[in-house]
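Novice: The opening residue of the sequence shown carries number 38 in the numbering used here; numbering runs sequentially from there.
Hints should not be assumed to be uniformly reliable.
Computed list of lysine-lysine pairs in DSBU-like fashion (alpha-carbon distance at most 30 angstroms, straight line) [said to hold, decoys possible]:
hint: 1; residue 1: 156; residue 2: 103
hint: 2; residue 1: 85; residue 2: 312
hint: 3; residue 1: 56; residue 2: 216
hint: 4; residue 1: 244; residue 2: 85
hint: 5; residue 1: 216; residue 2: 244
hint: 6; residue 1: 156; residue 2: 52
hint: 7; residue 1: 295; residue 2: 208
hint: 8; residue 1: 103; residue 2: 52
hint: 9; residue 1: 58; residue 2: 243
hint: 10; residue 1: 58; residue 2: 244
hint: 11; residue 1: 103; residue 2: 208
hint: 12; residue 1: 243; residue 2: 199
hint: 13; residue 1: 56; residue 2: 334
hint: 14; residue 1: 52; residue 2: 85
hint: 15; residue 1: 103; residue 2: 312
hint: 16; residue 1: 85; residue 2: 264
hint: 17; residue 1: 222; residue 2: 103
hint: 18; residue 1: 182; residue 2: 103
hint: 19; residue 1: 103; residue 2: 163
Ranges between beta-carbon positions, derived for each pair [as the list claims (entries may be wrong)]:
hint: 20; residue 1: 75; residue 2: 207; range: 15 to 21 angstroms
hint: 21; residue 1: 100; residue 2: 313; range: 28 to 34 angstroms
hint: 22; residue 1: 127; residue 2: 272; range: 28 to 34 angstroms
hint: 23; residue 1: 130; residue 2: 161; range: 15 to 21 angstroms
hint: 24; residue 1: 67; residue 2: 219; range: 37 to 43 angstroms
hint: 25; residue 1: 220; residue 2: 315; range: 21 to 27 angstroms
hint: 26; residue 1: 161; residue 2: 48; range: 36 to 42 angstroms
hint: 27; residue 1: 233; residue 2: 84; range: 17 to 23 angstroms
hint: 28; residue 1: 67; residue 2: 217; range: 18 to 24 angstroms
hint: 29; residue 1: 315; residue 2: 40; range: 21 to 27 angstroms
These are calculated hints, taken from the structure and not from any lab test.
Keep in mind that this is a model prediction, so the values were computed, not measured.
Quick reminder that beta carbons are idealized off the backbone N, C-alpha and C, glycines included.
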Amino acid sequence: FEEYNPESTLIVPGKEIHKAKFPFIDIHSHQFRMPEMDLSTLISDMDKINMAVMVNLSGRSGENLKNALANVNANYPNRFVVFANVNFEGVGGADWSENAVNQLREDVANGARGLKIYKSLGLRNKDIEGNRIAIDDLRLDPIWKLCGELGIPVIIHSADPKSFWDPMDSKNERWLELKTRPRRKRTATDPASWEQIIQEQHNMFKKHPNTIFINAHMGWYANNLGKLGELMDEMPNMYVGIGAVIAELGRQPRNARKFFGKYQDRILFGKDSWKPEEFPTYFRVLESDDEYFPYYKKYHAFWSMYGLNLPDDILKKVYYENAMKLLPGLDTELFEITE
Numbered sequence: 038f039e040e041y042n043p044e045s046t047l048i049v050p051g052k053e054i055h056k057a058k059f060p061f062i063d064i065h066s067h068q069f070r071m072p073e074m075d076l077s078t079l080i081s082d083m084d085k086i087n088m089a090v091m092v093n094l095s096g097r098s099g100e101n102l103k104n105a106l107a108n109v110n111a112n113y114p115n116r117f118v119v120f121a122n123v124n125f126e127g128v129g130g131a132d133w134s135e136n137a138v139n140q141l142r143e144d145v146a147n148g149a150r151g152l153k154i155y156k157s158l159g160l161r162n163k164d165i166e167g168n169r170i171a172i173d174d175l176r177l178d179p180i181w182k183l184c185g186e187l188g189i190p191v192i193i194h195s196a197d198p199k200s201f202w203d204p205m206d207s208k209n210e211r212w213l214e215l216k217t218r219p220r221r222k223r224t225a226t227d228p229a230s231w232e233q234i235i236q237e238q239h240n241m242f243k244k245h246p247n248t249i250f251i252n253a254h255m256g257w258y259a260n261n262l263g264k265l266g267e268l269m270d271e272m273p274n275m276y277v278g279i280g281a282v283i284a285e286l287g288r289q290p291r292n293a294r295k296f297f298g299k300y301q302d303r304i305l306f307g308k309d310s311w312k313p314e315e316f317p318t319y320f321r322v323l324e325s326d327d328e329y330f331p332y333y334k335k336y337h338a339f340w341s342m343y344g345l346n347l348p349d350d351i352l353k354k355v356y357y358e359n360a361m362k363l364l365p366g367l368d369t370e371l372f373e374i375t376e
């Protein structure tokens, strides 16, 4: 199976899309070297694919965040947005919650536009007693509450695909990924069941209805859009990003198109890893009606893609309008906006 990679003999109309139909905001990107990197190279690559704004979720906090923003503001102030991060070391200490809230408040005052929470919360982060920190831990509540008060969104990646918790056998769709990347395998006790971690996330969303949460990777329910729709109905403060799950959408084009139609105001474009050569697959799935075209990473998806052929009004919402609602003040001249 590792070697089997046949070339399709199917001849159907279609072509690659190397540039998005509309300018877009990538709500989910990582640039860890932003404080010192030459942004002009990044801008050149962004322009080639029609990316108007990149949201760097790896701003960290304090001096690193200030230095990243200084680089942005001195060179391309309208092309980048930077999110802050929380350091969960020391949870359970006497002053941890107060210090974390004060640091986040300072980071937002310095220009951070949102908060990114990595999957380490729920998987790896431990408190001072050595216990796993649950996503809905009461000690974290002041952070989510502050985000609501400040009007900044929280984008959060919790758990991983459920297949990482399933038996690694011939029935597991992510078998190849687990074989080539064995550290991704999880169990019900290492560190907890998938269902428990996901439920902790949902508990937190419900507990803070005045805070906007962007559930990265469609909350790992892109393979079950019916369930995801129920969750979105249940939690109106939950938006979703499509990063790293385009392969799930591309194998159910009719079902996914209906989902995008119903929840068009709460779906955001995001890619996650910054690899410009992979964006054309996203554009083709969202924009075209092409059939049976390849995905770029076999261990993610050994199946072929189909286009959703989304109408322009929905494409614009996914590409930039929905993100602009959550990040007010972006340069409207970057987008095809008419008063």
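Novice: Tell me, which hint numbers fail for this structure?
Specialist: 3, 4, 5, 6, 8, 9, 10, 11, 16, 17, 20, 24, 26, 27
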